[in-house]
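In this text, residue positions in the sequence shown follow my numbering: the first is 1, and each later residue adds one.
In case anyone wonders, no lab produced these hints; they're calculated from the structure. No false leads were mixed into what you were given.
Derived Cβ-Cβ restraints for the label pairs, each shown as a range: (1) 121 <-> 90: 47 to 57 Å; (2) 199 <-> 127: 21 to 31 Å; (3) 5 <-> 161: 23 to 33 Å.
Glycine included, each C-beta is placed from N, C-alpha and C at the ideal position.
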Amino acid sequence: MQPLLLSQFTATSCIGRGLTPTLASLREQRSGLQPCDFDDAGVASWTGSVTGVNDEVLRADLRAFDCRNNRLAQLGLRQDRFEQAVAQALARVGRRRMGVFLGTSTSGIGQTELAYRHRDPVTGALPADFHYASTHNPYSVSDFVRRYFQLEGPAMAVSSACSSSAKVFASAQRMLQAGLIDAAIVGGVDSLCLTTLCGFNSLGLLSPRPCRPFDVARDGISIGEAAAFILLE
1 MQPLLLSQFT ATSCIGRGLT PTLASLREQR SGLQPCDFDD AGVASWTGSV
51 TGVNDEVLRA DLRAFDCRNN RLAQLGLRQD RFEQAVAQAL ARVGRRRMGV
101 FLGTSTSGIG QTELAYRHRD PVTGALPADF HYASTHNPYS VSDFVRRYFQ
151 LEGPAMAVSS ACSSSAKVFA SAQRMLQAGL IDAAIVGGVD SLCLTTLCGF
201 NSLGLLSPRP CRPFDVARDG ISIGEAAAFI LLE
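Please model the complete structure; the sequences and the hints are all you need to start from.
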């Protein structure tokens, strides 16, 4: 099996936007969890929300993709000179030879939650400005990233819960080994939404305090959001 080069990496989460603040938080053992104040969840737990997501503005040609998940993706792409690394790789391989392989479970479901709350009280119809294909659809984030970099190569999304962002590496590796592409953007994006928060809360799985996964007296999990991207060549 031919080895692959991990030429660039970036990660954004509640402990940092980019690798430098993330590493600093880890070294200082600083948590990014805060009491849950997301939307109107009404959940007595702690969440790991990323600062600045709501401030992201998508390009005019990408406005149809506007949702929390894609704004988080864009915020992540702008860290650690990842955009510049992709541009340099594109200069070498071309737009048709770079693929996109991303994992997600929430995708833009928050946009559907918002649309449902604003449905027509008589007919139940969702608002006319709700675009499922470019927001809630799991492929939305991969399509968004593909268009963000104006790529012409293959793109796919994997939505298999916690394994999503592991499986995309295998998908990218197979396409690279088959000679179908020369480079790939691989990673995952998941954002906070009411479905996840209220769903895990209904199962009694959320801790009422910051989670302690290795504590003998652990009492649940904490939900967070994050985006991470890797450039494989």
